[in-house]
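Asks: Spelled out from the first residue to the last, the chains are:
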Amino acid sequence: MKLRDIEHPTEKIDEIEYSEQSSKKLIAVPFAILGVALAVLLVTYLLTGAPVGLGFEFTGGVNIQTQTAVPAEQIEQEFSGIDGVPEPSNVRSISGGAIVSFQPLTNNEMSNLRDFRDANYADASVESVSPSHGTSLLYQSMGAIAFAFVLMTVVIFAFFRTFVPSLGIILSATSDMLVPIGVMTLLGIDVSLGTIPAILLIIGYSIDSDILLTRNTLSGRRKQFYGNVRNAMKTGVTMTTTSMAAMAVMAISAHFFSIFILRNIGIILFFGLGMDLINTYMMNVAILRWYVLDRRGMR
Amino acid sequence: MNYRRLAKDWRIWLLLVVLVFALVGLAPLGGAEGLTALSFGLELEGGTLVQISPVGTTVDATGFGADNITAVEQNVAENVEVPVRVSRGGGIGAQQATDTAQVEFRGNVSEDGAVSAVEEAGYTSEGVTDGVTTSTLNDLSDSIQLRLEDRLGAGAGLSVSVQSNLLTGEDFIVVEVPGERSQDGRVVEIIRTQGEFDIRVVTNASNDTQEQVVTGDSINRGSVSQPLQDQGNEELYTVQFELDEDGSVAFGEAMRDSGATQNPEAHPPVMYFNNEEVFRGPLNPSLAGSIEEGTWGGGGLSVTGLNNSEAQIISVALRSGALATPVEVVSSTTISARQGDRFKQYSLLIAFLSVFGVGATIYFRYRDLRIAIPTVVTGVAEVVALLGFSAVFNFNVDLAYVAGLIAVIGTGVDDLIIIADEVQESGGVESADVYRKRLKRAFIVIGMAATTTIGAMLPLAYLGLGRISGFAIVTIVGVLIGVLVTRPAYGSVLRELITDRGD
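One line per chain: the protein sequences are A and B, in this order.
This note's numbering puts the first residue of the first sequence at 1, with every later residue one more than the last.
This note's numbering puts the first residue of the second sequence at 300, with every later residue one more than the last.
Heads up, a few of these hints could be off.
[What the hints assert, rightly or not] Computed footprint of chain B on chain A, listed as stretches where at least three residues anywhere in the stretch have a Cβ under 8 Å from a Cβ of chain B: (1) 46 to 55; (2) 175 to 187; (3) 241 to 251; (4) 277 to 291.
[Unchecked claim] Straight-line Cα separation of at most 30 Å, DSSO-like style, residue types lysine-lysine; simulated pairs: (5) Lys736(B) / Lys223(A); (6) Lys223(A) / Lys234(A); (7) Lys307(B) / Lys739(B); (8) Lys24(A) / Lys223(A); (9) Lys234(A) / Lys739(B); (10) Lys307(B) / Lys643(B); (11) Lys234(A) / Lys736(B); (12) Lys234(A) / Lys24(A); (13) Lys25(A) / Lys223(A); (14) Lys307(B) / Lys223(A); (15) Lys25(A) / Lys234(A).
Read the hints as simulated data drawn from the structure, not as lab findings.
Even glycine gets a Cβ: it sits at the ideal position worked out from N, Cα and C.
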């Protein structure tokens with residue numbers, strides 16, 4: 001890249017790109033996507049009683065991940081006939097093994113299952129969570145998300161000290177968190193304990209492009225609004241797509257290695273960042289345009 | 300490139316110092332195993348992690364009048380079916396009505412049930428919590444540690460810790476046993492089957508009716524011997540132990556009452572561990588005689604004529620005693636060494652691929668190795684610094700950690716892009732002054748984003764949601780290292796690259 005060749009952003013070019021778009025249109029797209037995500041969560045809630053599929057860490061239960069390439073049917077058959085252990089609730093094959101799930105087991109059933117595992121699948125991992133502890137983990141996770149949300153709100157308002165732009169950033173971050181959850185539900189991936197930090201990290205990840213945009217447009221000259229947007233966008237899009245690339249690589253490779261914690265974190269952040277592109281450069285730009293130009297009677 | 304100016308820049312020196320410390324911290328010195336001094340968590344090493352919750356309810360009570368602790372315990376215990384213990388900070392049996400004490404119900408009692416048991420006994424309840432007192436919790440933790448060490452050996456590297464959840468107030472005992480062992484799943488079993496030991500005696504030989512004599516509480520824990528090989532017959536073993544005073548009295552009485560002293564063969568004492576018979580054998584005639592005559596001074600007893608494995612079991616059973624309260628295993632995880640090993644290699648590969656993906660995107664965007672290389676190098680420096688920090692502070696590297704590491708690389712690169720773009724804005728940078736101004740602007744955005752990220756991660760780090768709090772801690776530390784050390788240095792390097800070409 002020639003460092004001196006970056007064209008000085010001029011209002012003329014930018015105005016053609018952005019100023020022709022009505023605010024309604026700019027805001028409609030992100031809201032439509034958010035609406036679809038919320039509808040997915042609502043329908044899931046009406047059908048299952050919870051807005052998202054919850055992993056066994058939250059519902060309680062037992063998960064066994066085998067490390068041998070035995071066909072799933074055979075694994076299902078073998079795990080179905082263990083003395084003193086109920087039938088598995090679900091068996092699915094993954095690359096390099098299978099995941100066998102059970103409803104919560106009593107101590108004796110668990111002990112029988114461990115006997116079976118030690119004798120036949122000593123390589124397999126066994127994870128068990130009691131339903132009451134699962135519920136407690138779920139509430140704690142929700143508490144952590146709520147607490148993080150409040151902290152984010154405080155930090156954003158403290159930085160900008162202007163109501164509308166700050167609200168725009170928070171709205172964007174909220175939507176960035178909700179849409180990937182909807183995507184997870186559509187993909188049939190349960191929300192597990194490992195996805196909670198990813199949902200929280202969306203706050204941190206998505207906020208920097210919002211901050212960049214908001215600070216550039218609020219502190220820059222009003223006349224150069226579109227140029228400021230364009231500058232912020234150039235940097236912000238690079239940042240977000242770089243992170244998305246990292247997350248896509250992580251999600252895809254982790255899927256093939258059957259490390260689902262990493263895969264789920266990758267998926268959530270990928271879609272969260274994708275949604276952030278839409279929110280930041282459509283919704284937030286429209287909000288800031290109104291705040292910077294229209295509200296002050298220009299344009 | 301003005302190397303002289305760069306060599307005088309404190310930011311570069313700070314980065315170098317941090318990197319040297321990190322590399323020293325990572326070096327496998329002092330007997331660390333493996334290539335580095337990093338310690339790996341359960342998921343990447345294999346092992347068992349068990350989270351235990353003590354079952355109990357505690358009432359803060361007052362209004363004891365003249366009753367001392369024993370009286371209070373008895374009065375409250377009449378109203379419930381679980382053992383009751385009373386503890387207080389001050390002197391026992393103090394008479395002031397304002398004195399409060401913790402009345403602990405060691406077993407499954409609802410909070411309402413506990414409060415009404417206290418009130419029925421004539422005392423006042425000032426509040427009730429689910430769970431046991433701190434001292435009971437520590438006692439449980441010690442007992443579990445002792446029991447596991449007995450069974451697994453002190454060198455097993457096991458750790459038993461008490462963790463409290465700040466949000467819900469729940470207390471847990473967390474047991475971690477690294478690596479794979481022949482009877483891996485048994486860690487849960489050892490803990491869960493809480494070692495209820497008791498000695499009973501056969502009162503009616505024809506239908507094997509038995510009566511309890513003493514429980515594990517009466518055994519002096521330190522007195523239990525290892526299996527001792529008999530000198531005459533090397534295949535036979537003996538285990539010695541001592542009963543406390545009350546236990547000795549109870550033992551003597553029970554032996555006489557059951558008729559064991561008169562007819563030892565018909566009324567043998569039977570030892571139970573977790574309600575499973577582990578030993579049955581008659582009293583030695585001379586011991587029976589001295590108990591009958593009342594000359595037995597109590598205390599030491601020997602279990603003889605055992606084979607090696609019986610002796611092991613009895614030694615452990617005697618030593619373990621009974622836990623103070625019932626416990627519930629709320630979660631358990633067992634990872635095989637093979638899976639740990641696979642996950643270790645794979646997560647390393649995933650992290651590497653992700654860094655490569657970042658580097659490729661940066662190169663694609665800038666088409667300039669002079670930007671791409673410092674960016675990737677800075678990212679790698681951040682990772683090294685973070686790993687060094689983890690080695691020095693003994694963080695366990697697990698999957699959540701790896702995810703956090705990748706996340707840190709992601710946010711780090713974001714910030715480097717902000718710096719690169721901001722300082723290049725509007726073309727050339729003629730003076731150091733302009734550069735400094737632009738760098739400052741970039742760091743304002745970076746600081747805001749970092750503060751928000753840390754804010755979002757703090758609740759997770761603080762709540763200690765098991766394994767995933769590692770993710771939060773890594774992210775917070777990584778962001779701090781990035782903002783304070785590596786990114787300023789990157790800014791300095793970039794300044795040389797840019798101002799140099801400004802003419």
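Asks: None of the hints should be skipped; say for each whether it holds.
Replies: Hints, verified against the model:
| no. | hint | verdict |
| --- | --- | --- |
| 1 | 46 to 55 | violated (count 0) |
| 2 | 175 to 187 | violated (count 0) |
| 3 | 241 to 251 | holds (count 9) |
| 4 | 277 to 291 | violated (count 0) |
| 5 | Lys736(B) / Lys223(A) | holds, 22 Å |
| 6 | Lys223(A) / Lys234(A) | holds, 19 Å |
| 7 | Lys307(B) / Lys739(B) | holds, 20 Å |
| 8 | Lys24(A) / Lys223(A) | holds, 22 Å |
| 9 | Lys234(A) / Lys739(B) | holds, 19 Å |
| 10 | Lys307(B) / Lys643(B) | violated, 40 Å |
| 11 | Lys234(A) / Lys736(B) | holds, 20 Å |
| 12 | Lys234(A) / Lys24(A) | holds, 23 Å |
| 13 | Lys25(A) / Lys223(A) | holds, 23 Å |
| 14 | Lys307(B) / Lys223(A) | violated, 41 Å |
| 15 | Lys25(A) / Lys234(A) | holds, 21 Å |
Of the numbered hints given earlier, the model fails hints 1, 2, 4, 10, 14; all others are met.
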